[in-house]
Amino acid sequence: MSKEFCMTQSDQNNINIDLNQFNKVFFEECAEHLAEMEQILVSLPDAGPDDEQLNAIFRAAHSIKGGAGIFGFQDMTVVTHVLESLLDLMRNHEIAFSTAMVDLFLEAGDVISMQLAGHRDGSEVRQEAIDQIRTKLQQVIDAGSVANPVESACSPEHSVQPVFTADSSAVSRYEMEFTPDPDIFKRGVRLESLFAELEELGELTVLAELPVTPEFSTLDPEICTSCWHLTLVTSASEADILDIFEFVADVDQLKVHKVSQDSDINLHSAAPELPAAQDQDTADKAGNDVVDTALGRRAYDKNELAPAAYGRRTSETESSIRVGVTKVDQLINQVGELVITQLMLAQTAAVLDPVLYENLHRSLLQLERNTRDLQQSVMSIRLVPISIVFSRFPRMVRELAAKLGKQVELKTVGDTTELDKGLIEKIADPLTHLVRNCMDHALETPENRIAAGKERCGTITLRASQIGGRIVIDVIDDGAGLNRDRILRKASERGIAASDSMSDEEVWQLIFAPGFSTAEAVTDISGRGVGMDVVLRNVQSMSGRVNISSEAGKGTRVTISLPLTLAILDGLSVAVGDEKFIIPLNSIIESIQPTAQSLKTVNGKNVVHVRGEYIPIIPLYELFNMDAVVKKPEEGILILIDVEGEKAAVLVDALLDEHQVVIKSIETNYRKVDGTAGATILGDGRVALILDVNSLLQMRKKKAVCQ
Amino acid sequence: MKTTETFRLCLDGDWSMSGVAERFPLLARHLSLLSASPPDQEIQGKESNKLPEIDLAGLNALDACGCQLLALFIRSLRRYGFTPCVTNIPDTFRAKINFLGFDREFNLSH
Numbered sequence: 001m002s003k004e005f006c007m008t009q010s011d012q013n014n015i016n017i018d019l020n021q022f023n024k025v026f027f028e029e030c031a032e033h034l035a036e037m038e039q040i041l042v043s044l045p046d047a048g049p050d051d052e053q054l055n056a057i058f059r060a061a062h063s064i065k066g067g068a069g070i071f072g073f074q075d076m077t078v079v080t081h082v083l084e085s086l087l088d089l090m091r092n093h094e095i096a097f098s099t100a101m102v103d104l105f106l107e108a109g110d111v112i113s114m115q116l117a118g119h120r121d122g123s124e125v126r127q128e129a130i131d132q133i134r135t136k137l138q139q140v141i142d143a144g145s146v147a148n149p150v151e152s153a154c155s156p157e158h159s160v161q162p163v164f165t166a167d168s169s170a171v172s173r174y175e176m177e178f179t180p181d182p183d184i185f186k187r188g189v190r191l192e193s194l195f196a197e198l199e200e201l202g203e204l205t206v207l208a209e210l211p212v213t214p215e216f217s218t219l220d221p222e223i224c225t226s227c228w229h230l231t232l233v234t235s236a237s238e239a240d241i242l243d244i245f246e247f248v249a250d251v252d253q254l255k256v257h258k259v260s261q262d263s264d265i266n267l268h269s270a271a272p273e274l275p276a277a278q279d280q281d282t283a284d285k286a287g288n289d290v291v292d293t294a295l296g297r298r299a300y301d302k303n304e305l306a307p308a309a310y311g312r313r314t315s316e317t318e319s320s321i322r323v324g325v326t327k328v329d330q331l332i333n334q335v336g337e338l339v340i341t342q343l344m345l346a347q348t349a350a351v352l353d354p355v356l357y358e359n360l361h362r363s364l365l366q367l368e369r370n371t372r373d374l375q376q377s378v379m380s381i382r383l384v385p386i387s388i389v390f391s392r393f394p395r396m397v398r399e400l401a402a403k404l405g406k407q408v409e410l411k412t413v414g415d416t417t418e419l420d421k422g423l424i425e426k427i428a429d430p431l432t433h434l435v436r437n438c439m440d441h442a443l444e445t446p447e448n449r450i451a452a453g454k455e456r457c458g459t460i461t462l463r464a465s466q467i468g469g470r471i472v473i474d475v476i477d478d479g480a481g482l483n484r485d486r487i488l489r490k491a492s493e494r495g496i497a498a499s500d501s502m503s504d505e506e507v508w509q510l511i512f513a514p515g516f517s518t519a520e521a522v523t524d525i526s527g528r529g530v531g532m533d534v535v536l537r538n539v540q541s542m543s544g545r546v547n548i549s550s551e552a553g554k555g556t557r558v559t560i561s562l563p564l565t566l567a568i569l570d571g572l573s574v575a576v577g578d579e580k581f582i583i584p585l586n587s588i589i590e591s592i593q594p595t596a597q598s599l600k601t602v603n604g605k606n607v608v609h610v611r612g613e614y615i616p617i618i619p620l621y622e623l624f625n626m627d628a629v630v631k632k633p634e635e636g637i638l639i640l641i642d643v644e645g646e647k648a649a650v651l652v653d654a655l656l657d658e659h660q661v662v663i664k665s666i667e668t669n670y671r672k673v674d675g676t677a678g679a680t681i682l683g684d685g686r687v688a689l690i691l692d693v694n695s696l697l698q699m700r701k702k703k704a705v706c707q
Numbered sequence: 001m002k003t004t005e006t007f008r009l010c011l012d013g014d015w016s017m018s019g020v021a022e023r024f025p026l027l028a029r030h031l032s033l034l035s036a037s038p039p040d041q042e043i044q045g046k047e048s049n050k051l052p053e054i055d056l057a058g059l060n061a062l063d064a065c066g067c068q069l070l071a072l073f074i075r076s077l078r079r080y081g082f083t084p085c086v087t088n089i090p091d092t093f094r095a096k097i098n099f100l101g102f103d104r105e106f107n108l109s110h
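Chain order of the listed sequences is B and D. So that you can map any letter, position 27 of the first sequence is 27 in this note's numbering, and since no number is skipped, the others follow by simple counting. So that you can map any letter, position 86 of the second sequence is 86 in this note's numbering, and since no number is skipped, the others follow by simple counting.
FYI, nobody ran anything at the bench for these hints, they're computed from the structure. Among these hints, one or two may not hold up.
Examples of chain B residues toward chain D, derived with CB under 8 Å [what the hints assert, rightly or not]: (1) F22; (2) L191; (3) E192; (4) T213; (5) S217; (6) L219; (7) P221; (8) T225; (9) S226; (10) C227; (11) W228; (12) K554; (13) L585; (14) I588; (15) I592.
Note that beta-carbon positions come from the ideal geometry of N, C-alpha and C, so glycine has one too.
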């Protein structure tokens with residue numbers, strides 16, 4: 001008798017699982033591996049990589065491939081598989097290194113980056129580029145290893161040929177107990193790919209175990225309750241095995257037992273007994289070399305001295321955690337609120353008798369210290385090393401040098417200098433402009449350099465340092481230097497006010513004029529004159545400054561000075577009528593009480609005469625249409641400000657105090673207010689606008705034109 | 001005299017992570033139905049045995065998550081005294097079950 005219960009196939013509604021948070025980790029780590037690979041490749045000597053460097057590149061490619069497979073980005077395994085195969089042949093000295101391979105590997109890295117961006121950002125992925133690089137890599141393999149051809153890359157998922165061969169080194173048997181996260185299925189991790197990765201290392205036996213059998217009606221089918229006993233006979237190292245679990249297993253989820261190390265183990269006849277746990281006693285009794293390891297993605301790199309550890313993450317990174325920028329910003333905002341509250345308390349207590357309320361005052365002082373310390377600690381979370389930006393230049397310089405037929409050495413100094421993450425992102429473009437300019441215009445060809453009595457190879461130095469509360473970045477080249485006459489001529493041609501009597505510093509500033517270029521020819525590298533004004537604008541938008549110094553025949557130094565952070569600011573509070581404003585301290589030269597004699601009128605505009613200079617006066621009450629107590633400059637205070645060499649005198653009623661203020665966006669909370677860079681909350685709870693001195697100058701000029 | 005009743009359970013569709021939530025209630029319902037009449041009862045003086053046959057011919061996707069669910073289903077059937085048998089496994093899925101180490105749970109011979 002037979003009864004049939006047939007389940008009909010209904011339309012599948014894919015369960016919407018938010019895999020983004022898990023994918024994000026893979027994307028970030030993949031980008032790190034690519035960056036690491038590129039960093040090693042561009043720093044290779046002509047003689048080629050040593051074993052450690054080769055291992056490090058291999059590991060990067062291997063990790064990307066493993067992660068991609070596990071997270072279901074199969075397309076990304078295609079290029080990495082062939083790349084990995086080629087690198088493995090090189091590691092085994094079956095294919096010799098050639099300098100052309102560096103370009104090939106960099107190109108492969110670019111293609112993988114493109115695929116990564118495709119998954120991460122939805123950007124375009126060019127299949128022809130993927131096919132092209134895969135073919136190129138395969139051709140190198142085919143040409144270099146005729147005697148020992150590598151398996152085709154067409155179906156990496158099904159490739160189970162062990163990469164590590166038995167004769168390469170001693171073979172060991174590893175028994176692993178893998179108890180994944182209960183949410184591993186929800187994370188989209190494909191265990192098939194994970195095990196396939198392991199199988200590539202040797203002979204693998206897998207046994208799934210269900211430690212508990214819950215009441216069926218109550219179980220959650222998406223929760224992983226299984227654990228796996230794995231046995232791997234391989235010549236690969238434990239680190240290679242742990243690498244495979246990098247994305248999927250935490251410290252307590254993977255136990256690896258090295259049961260034996262015996263070069264006599266035959267890869268194809270090994271018959272491991274399962275489960276591993278039951279086998280343990282026997283193995284111990286047999287006196288085998290048992291090494292207990294409980295490692296996972298966060299611990300596997302601890303042995304930095306291990307072979308092939310070159311280029312792996314440092315122990316500092318290993319002990320770090322990834323936190324979203326929004327969470328950090330939220331923390332900074334909350335600490336900012338705390339600082340304001342502390343200021344309010346201090347202001348309230350200021351009127352209380354210091355003797356009667358001695359304890360209160362002492363406690364408030366302690367609170368102030370603690371709050372400042374906390375603020376500094378929190379701010380430091382956003383600080384990241386500038387090496388993040390510097391690391392992009394070795395490859396750029398290498399490629400541009402080849403393109404321009406120049407020999408260039410790039411030096412970086414102060415890579416560990418830390419800068420606010422927001423500034424790091426913004427500084428990359430200006431620095432790129434400057435380095436490209438150095439390459440294209442400043443540095444001479446080897447022939448010209450020799451003719452000028454210099455070394456064939458030019459030098460570009462990127463130097464970062466912290467000076468006071470600012471970060472200073474120098475871009476220095478030892479090229480021909482700026483050509484004063486040519487700049488003046490070009491300026492005249494473009495109708496920019498210039499004269500021979502201008503100082504060198506003033507002449508160098510001309511190159512920041514929009515559209516200014518002295519390049520004889522427009523190239524795809526630079527010369528369109530859209531560089532330096534963009535550099536200046538970008539730097540100024542970060543409250544930064546740019547200075548140039550140059551000497552003919554010796555070279556040029558462009559110095560960018562940036563504030564340490566954009567979240568807090570040292571400012572001077574001033575009063576205009578009933579309102580208070582904050583003027584950034586870094587733009588203030590001095591404040592004066594002008595005498596009637598020092599005040600003049602030039603072309604109908606009020607100016608103040610200070611040490612031989614006539615400086616225009618900006619009455620704040622006029623700009624902001626306010627009632628002011630002081631309308632005559634001689635009755636108020638003039639604050640002299642300097643914006644990139646341009647000076648002005650801001651008229652205010654009174655100077656109040658010097659503060660470190662927490663910058664709040666006024667645009668987010670209200671609307672854009674011309675002449676301001678944000679707002680802050682003062683100790684008395686009132687909102688004070690933070691003045692944008694550059695914008696004030698622009699407003700004054702506009703007003704003058706209108707009048 | 002011992003008689004054997006065969007219950008064939010034909011499964012199809014997606015038995016991967018993206019499909020198990022949808023499939024699970026049906027499995028639970030069938031288990032509930034089967035458990036209502038457990039095997040090895042004396043029926044009119046005859047000993048009977050029920051042999052649920054789980055037919056996987058219609059599967060179009062299977063992963064570790066699906067394997068685990070089916071393995072738990074098989075275990076639950078055994079707990080109720082049934083002796084389930086997995087049949088018509090497409091070659092690719094048989095290989096996958098073996099590869100993922102669930103062959104013993106499925107009682108598959110290599």
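Evaluation of the provided hints:
Here the hint on B:F22 is broken, as its CB sits about 12 Å from the closest CB of chain D, past 8 Å. Because the closest C-beta pair between B:L191 and chain D is about 4 Å apart, less than 8 Å, the hint holds. Checking B:E192 against chain D by beta carbon gives a least distance of about 7 Å; that is within 8 Å, so the hint holds. Checking B:T213 against chain D by beta carbon gives a least distance of about 5 Å; that is within 8 Å, so the hint holds.
A distance limit of 8 Å between C-beta atoms decides the matter here; for B:S217 the minimum to chain D is near 5 Å, and the interface restraint holds. For B:L219, the interface hint holds, since its Cβ comes within 8 Å of a Cβ in chain D; the closest pair sits about 6 Å apart. Checking B:P221 against chain D: minimum C-beta separation of about 4 Å stays under 8 Å; hint holds. Checking B:T225 against chain D by beta carbon gives a least distance of about 7 Å; that is within 8 Å, so the hint holds.
For B:S226, the shortest C-beta to C-beta distance to chain D is roughly 5 Å, which falls under 8 Å, so the interface hint holds. Because the smallest distance between the Cβ of B:C227 and any Cβ of chain D comes to about 10 Å, over 8 Å, the interface hint for this residue is violated. Here the hint on B:W228 is kept, as its CB sits about 6 Å from the closest CB of chain D, short of 8 Å. The interface hint given for B:K554 is violated, since its Cβ lies 65 Å from the closest Cβ of chain D, which is over the 8 Å cut-off.
Proximity of B:L585 to chain D is violated relative to the hint, the smallest CB-CB distance being about 57 Å (cut-off 8 Å). Checking B:I588 against chain D by beta carbon gives a least distance of about 62 Å; that is not within 8 Å, so the hint is violated. Look at B:I592: its Cβ only gets to about 73 Å from chain D, farther than 8 Å, so that hint breaks.
The structure shown violates the earlier hints numbered 1, 10, 12, 13, 14, 15.
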